[in-house]
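Note that the protein sequences, when read in sequence, are chains H and U. Counting from 1, position 25 in the first sequence corresponds to residue 25 in the numbering used here; the numbering is continuous, with no gaps. Counting from 1, position 195 in the second sequence corresponds to residue 195 in the numbering used here; the numbering is continuous, with no gaps.
These aren't lab readings, by the way, just hints derived from the structure by calculation. Heads up, the beta-carbon is just placed ideally off N, CA and C, and yes, glycines get one too. Mixed in with the good hints, there may be bad ones.
Derived EDC-like pairs: lysine to aspartate or glutamate, alpha-carbon spacing no greater than 20 angstroms straight-line [to be verified]:
#1 U:Lys145 to H:Asp66
#2 U:Lys140 to U:Asp51
#3 U:Lys140 to H:Asp66
#4 H:Lys29 to U:Glu3
#5 U:Lys347 to H:Asp10
#6 U:Lys75 to H:Asp66
#7 U:Lys347 to H:Glu8
#8 H:Lys57 to H:Glu8
#9 U:Lys140 to H:Glu28
Chain U stretches covered by chain H per the calculated footprint, using a threshold of three residues with CB under 8 angstroms from any CB of chain H [to be verified]:
#10 39-51
#11 72-86
#12 146-160
#13 210-217
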Amino acid sequence: MSSLKLKEIDARGLSCPQPVLLVKKGIEKNPEGIQVLVDNTTARNNIVRFADNSGCKVEVNTQGSDFLLTLQK
Amino acid sequence: MSEKKGIIAAGAIVGLLAVLLVKFGNPANMGMCIACFIRDIAGGLGLHRTDAVQYIRPEIIGIVLGAFLTAFGMKEFSAKGGSSPLLRFVLGFIVMVGALMFLGCPLRMVLRMAGGDLNALIGIAGFAAGIGVGIVFLNKGFSLKRTYNLAKFEGFVFPAVVIGLLVLLIAKPAFVFFSAKGPGAAHAAILLSLSAGLIIGSLAQRTRLCMVGGIRDLILFKDWYLISGFLAILLTAMIGNIIMGKFNLGFADQPVAHADGLWNFFGMALSGWGSVLLGGCPLRQLILSAEGNIDSVITVIGMTAGAAFAHNFSLASSAKGPTPNGQTAVIIGFAVLLLISYFNLEKTAEIKMKGDVKLEA
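For reference, chain H alone in the conformation it holds in the complex (with noise of 0.2 angstroms):
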């Protein structure tokens, strides 16, 4: 798995619009791909549309009542 190298952002408990700014930061820092762990759903969504916008790959893996988003750009 290539996502292994990725740097991960822990956005669990955090809230609005916090986990988005962490992924925008750090898609910016590292535009190899970034992975965020996530827990709401309302999370989830928000970085997804996040990820369009910006016109970011993103791939959403469920992980127990936690999502992981992969995001490339």
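Based on these hints, arrange chain U on the given structure of chain H.
Relative to chain H, chain U alone:
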């Protein structure tokens, strides 16, 4: 894209229901107002004794129960808390003081614009300015820290308390207060208000409708999603008001409003800044509370306390205008927001973004 259509439809229904609630008895341009209605409930419970604004508003009860049932049904209900609870109480308090300076929460601000109240345009300028200041701190790493999972039972407490309010509303024991005149006496029938609340609560839970989030996401991410709901409320309520003959363009003699531009601006700026730090407007706080977010419950309790103090200490404006006490409170509120904003900047946020936090998989 269907997501966006969803929030536009939700906004349109909220706008329509707000106009209908006014038609069937709610105060003008106040079909729905989270700040005003929480204030009325505080009065209804005797936490303040301003006899014109006391009523246990069924809309609030409906919103909470509608959001609770929807979240529960969609398996999105989960009890969480522990993200700076006392600061959230203080922020809720301050957001309420700002809203009662202006006379309306961000939702009523939109409904006031939809009724032609130009004072609300000044309010929205202040609101956007306050959000802008909050965003500066968000960008610098402001955080109220993480929430943690709690026992599910704790999440049920708030909806249970709200059902208790419903019992008080229907049973009307001698110790609750219902206004005989004034805005508190103007209300639609219980069943209508409750049903409207249930619908709005459910829709707002699904779409994450939020007034402060709308402007925030537009500025931060050029994301039009949340603000589309806001615009849909404005448009449908405006059309509804025009059809009902309730559209009255101007600054003077607007219902439950005053025309002091400077303090309308400052009041909403305070509310906007406080709400950005909280992560959502008063409506959103109610919805999150219903989903089991205890931090938002604490925020709602802070708003309730803020409303009670605002009336007990003569901080709330009236149609005559702001009070000197209210002006002092708003200035103190700005100072407190500055302290909270500054002392919760997270240095580690920067490090984390540089990629120091790696999972050793």
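Now for the hints, and whether the structure bears them out:
Between the alpha carbons of lysine 145 (chain U) and aspartate 66 (chain H) the distance comes to roughly 18 angstroms, so the proposed pair stays at or under 20 angstroms and holds. Restraint check for lysine 140 (chain U) and aspartate 51 (chain U): the C-alpha separation of about 44 angstroms exceeds 20 angstroms, so the hint is violated. With a C-alpha separation of about 27 angstroms, the suggested pairing of lysine 140 (chain U) with aspartate 66 (chain H) is violated against the 20 angstroms cut-off. For the hint linking lysine 29 (chain H) to glutamate 3 (chain U), the alpha-carbon distance of about 29 angstroms lies beyond 20 angstroms, and the restraint is violated.
For a cut-off of 20 angstroms, the pair hint linking lysine 347 (chain U) to aspartate 10 (chain H) stands: about 16 angstroms separates their Cα positions. Between lysine 75 (chain U) and aspartate 66 (chain H) the alpha-carbon distance is near 13 angstroms, which keeps this suggested pair within the 20 angstroms criterion. A distance of roughly 18 angstroms separates the Cα atoms of lysine 347 (chain U) and glutamate 8 (chain H); the hinted pair therefore holds under the 20 angstroms criterion. For the proposed pair lysine 57 (chain H) and glutamate 8 (chain H), the alpha carbon gap of about 16 angstroms is at most 20 angstroms, so the pair holds.
Our distance criterion of 20 angstroms between C-alpha atoms is met by lysine 140 (chain U) and glutamate 28 (chain H), whose separation comes to about 16 angstroms. Requiring three or more residues with a Cβ within less than 8 angstroms of a Cβ of chain H, the coverage given for the segment 39-51 of chain U is violated, as only 0 such residues are present. Look at the segment 72-86 of chain U against chain H: 4 of its residues bring a Cβ nearer than 8 angstroms to a Cβ of that chain, three or more, so the hint holds. Residue count for the segment 146-160 of chain U with a Cβ under 8 angstroms from a Cβ of chain H: 3. That meets the three needed, and the coverage hint holds.
Restraint check on the segment 210-217 of chain U versus chain H: 3 residues with Cβ-Cβ distances below 8 angstroms, three needed, restraint holds.
In this structure, the hints that do not hold are numbers 2, 3, 4, 10, in rising order.
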